[in-house]
Amino acid sequence: MALDRRHWLKGALATVSGLWLSACERLTDSSLVQTTLDKTEVLTRKAQRGLIPPQALAREFTPADISRDFRANGSISPGDADYRTLLQAGFADYRLRIDGLVDRPQSLSLSDIRALPARTQITRHDCVEGWSSIGKWTGAQLAPLLEQVGLKPEARFLVFHCFDTLDPEAGAKGRYYESIDLVDARHPQTLLAYEMNDAVLPVAHGAPLRLRVERQLGYKHAKYISRIEAVADFAHIAGGKGGYWEDRGYEWYAGI
Amino acid sequence: MTSARPPKTVLVQRHGLVTRITHGINLLVVIGLLMSGLQIFNAHPALYWGHKSTFTQPWLAIQALDQGDGMAGSTWINGHGFETTGVLGYSGAPGAGEKRAFPKWATLPSYRSLGTGRHWHFFLAWIFVGNGLVYLASGLITGHVRRDLLPTRRELGLRQILQTVWDHLRLRFPRGEAARSYNVLQKLAYLAVAFILLPLMVLAGLGMSPGVDAGLPGLVSLFGGRQSARSIHFICASLIVGFIGLHVLMVLLSGPLNQLRGMITGKFRLEVREDR
Ligand code: HEM
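Keeping their order, the protein sequence lines are chains A and B.
Following the working numbering, the numbering of the first sequence begins with 1 at its first residue and continues without gaps.
Following the working numbering, the numbering of the second sequence begins with 1001 at its first residue and continues without gaps.
These are computed hints drawn from the structure, not numbers from a lab.
Where a beta carbon is used, it is the ideal one built from N, C-alpha and C, also for glycine.
Check before you lean on any hint, since a few could be wrong.
To be verified - Simulated restraints, written as ranges between beta carbons of each label pair: (1) B:Gln1160 - A:Val183: 26 to 32 Å; (2) B:Trp1105 - A:Thr36: 21 to 27 Å; (3) B:Met1263 - A:Thr15: 54 to 60 Å; (4) B:Leu1222 - A:Gln55: 37 to 43 Å; (5) B:Ser1221 - A:Ala47: 19 to 25 Å; (6) A:Arg49 - B:Gly1218: 17 to 23 Å; (7) B:Gln1160 - A:Leu9: 38 to 44 Å; (8) A:Lys46 - B:Met1263: 48 to 54 Å.
Said to hold, decoys possible - With a Cα cut of at most 25 Å, we get these calculated BS3-like pairs of lysine-lysine: (9) A:Lys241 - A:Lys46; (10) B:Lys1008 - A:Lys10; (11) A:Lys241 - A:Lys39; (12) A:Lys10 - B:Lys1104; (13) B:Lys1008 - B:Lys1267.
Construct the complete structure from the given sequences, taking the supplied hints into account.
Laid out in C-alpha cells, this is it:
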C-alpha cells in the first residue's frame, strides 16, 4: 500500500518534471521568444551606451592586485599552420594588416606597433562564465592608430580577424574573430596589447597581439590578431553576428 | 454583548489591483530569473570574495568527482565537503548522468547553454525592474505601504512580536477582525523582501556588469569587488528561495483557497461577529 503510493508519487513527479522541462524548452525554441530575447539585447546596449559616458574608464588596480593565476580561455596554443610558422620565427615576419574602409591601408611589424603611442593599465578581466582575473597590459592605443589609417565615413565597426581556429569542425567559420564599434575603438583603454604583466605576451594569452576592450566581457578581447578590417556592417562575415561566440548565441554587446 | 449572535462570514476587499497584478508577474519572473541564474552559475560553479577569483580557494564550489567506480557530486562550503550526488555536481537519470552543478530541472534552459541562459536572465531582469518600480511607486503613492505594510509602534513591541511568533509556531493564525490586516511578521517579511532583498539583488547584478562598473564605479566597490557582488547575488537568491518556501507554506497552512482568491480576485473571506 505504502509502496504503491510511493510508486504513484514517483510517477507523478516524473510526469510533472517532464512536462515542465519540455515546456521550458519549447518556450526557448519558439521564434517569438527568440526575437524578444534578441530585442532585449538592443535595449541593454542602448541603455548602457546612453547612460555610461563614452570615455568613462574601467577601474585600474595596483600591482599588488595582479592575479598570479590569470586564466587563459578559448584557444591557448593555436595549431594553425600559418600561426605556427610565425611563432617559430619569434614573430619576426608577423605583419598586422589594417584595411577595409580606411584611406591608407597598412601592414605593420611588431616593432612598428611597439613604436606607436602606448598605454599600460592594470585591469580586471571578466569572463562571461563569471570569474575575474586582474592583469597588467601594455599595448598600442587603437585611437591614434585609427587616425593614422584614416577611417572612411561609412566605417562603423572594426573586425578583428584572428589566427586561431577554435572549432575545427566548422571549417572557415571556426576561426576566431570579434568586432567592436567606434565608441569602444576610440576609448583610451582600448589597446592592441603586446605585453602582459611586464613580459612579452604569452602564447596562451594571445601572442603576439591581443585586443583589450576593458568595458566588455572576455570573449570580446580577441587574441592572436592577424588583421583589422573596418566595415560598415558585419553581416557578410562568418555567421554574420559579429564574432565567433556571437555566432554561437552570445550577445554582441558584452558590457553586461 | 457579542456572544449572542453566531459569527457571520463576509467577503472583504483584500488586495488592490496593482498589488495583485504585480505580484502575479513577479512570481513568474522571479522563478524564471532563479532558473536562468542557475544556468549562468553552472558555467563556473564557484564563488569568491573580493575583486578577482582565487581559483584554488573558492568559498563555495560545486564539483563532480570521479570516484573510480562512478561519478559523485560534491559541494564545498568554506573548505568543508558534502556529498550531493543526484542533485548538485552530478545528476540525471540512471545511466544518463551529467556533470553539472545544478540539475536539469532547476535551470532555464534545461540543457547547457550559457548564451540562452543569459538572454533569458537579462530579458526577465528588465521586466522584473519595471514591475518592481510600478509596485513600489503605487505602494508609496496610494498609501498601501504606510497603511498595510509598515508595522505600528505597538506591533513592534517585543512581547507583541514574541507572541505572534509563538502563535505561528502553534499554527494559530489571526481570525476575525485581526485577520483583516497583515500580522507583524508578515509585514516585516514583506518589507524586507520588497525594500531590501529584491533591490539588493538588482544592485548586485548590475555590479557584475563591466559596463556599469566603468560608468558607476562606486556600486561594485560598495559590494567589495565583482566577485563579492557575484557571491552576494547568489546568497540573496538563496534567501529569496527560502522566503518563497516559507511564504508558500504559510499560504498552504492558513487556508490556501481563501488566500489565493485574495491574491487573484482581491476578495477575502472573514468571519466577523456583529456587535450591537
Ligand atoms: C507560488 C508562489 C506564491 C504564492 C502562492 C504567493 C501567495 C501570496 C499571497 C496569498 C499573499 C497575500 C497574503 C495575505 O493576504 O495575507 C502574498 C503576498 C505577498 N507576496 Fe507572495 N506568493 C508567491 C510568491 C511570491 C514571490 C516569489 C515573492 C517575491 C520574491 C512574493 C512576495 C510577496 C509580497 C512582497 C507580498 C505582500 C504584497 C503586498 O501586500 O504589497 N510572493 N503572496
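Checked hints:
The beta-carbon spacing between Gln1160 of chain B and Val183 of chain A, approximately 57 Å, falls outside the hinted interval of 26 to 32 Å. Distance hint for Trp1105 of chain B and Thr36 of chain A: a CB-CB separation of about 24 Å, consistent with the stated range 21 to 27 Å. Remark: the range hint 54 to 60 Å for Met1263 of chain B to Thr15 of chain A is contradicted by a beta-carbon distance near 27 Å. Distance hint for Leu1222 of chain B and Gln55 of chain A: a CB-CB separation of about 23 Å, inconsistent with the stated range 37 to 43 Å.
In this structure the hint that Ser1221 of chain B and Ala47 of chain A lie 19 to 25 Å apart at CB holds, the actual value being about 21 Å. Between Arg49 of chain A and Gly1218 of chain B the Cβ separation comes to about 20 Å, which falls inside the hinted range of 17 to 23 Å. Taking 38 to 44 Å as the suggested C-beta distance range, the pair Gln1160 of chain B and Leu9 of chain A conforms, at roughly 41 Å. Judged by the Cβ atoms, the range 48 to 54 Å given for Lys46 of chain A and Met1263 of chain B is violated: they are separated by roughly 35 Å.
For the hint linking Lys241 of chain A to Lys46 of chain A, the alpha-carbon distance of about 18 Å falls within 25 Å, and the restraint holds. Our distance criterion of 25 Å between C-alpha atoms is broken by Lys1008 of chain B and Lys10 of chain A, whose separation comes to about 43 Å. Of the supplied pair hints, the one linking Lys241 of chain A and Lys39 of chain A holds, its CA atoms being roughly 14 Å apart against a limit of 25 Å. The hinted pair formed by Lys10 of chain A and Lys1104 of chain B meets the criterion: a straight-line CA distance of about 17 Å does not exceed 25 Å.
For a cut-off of 25 Å, the pair hint linking Lys1008 of chain B to Lys1267 of chain B stands: about 16 Å separates their Cα positions.
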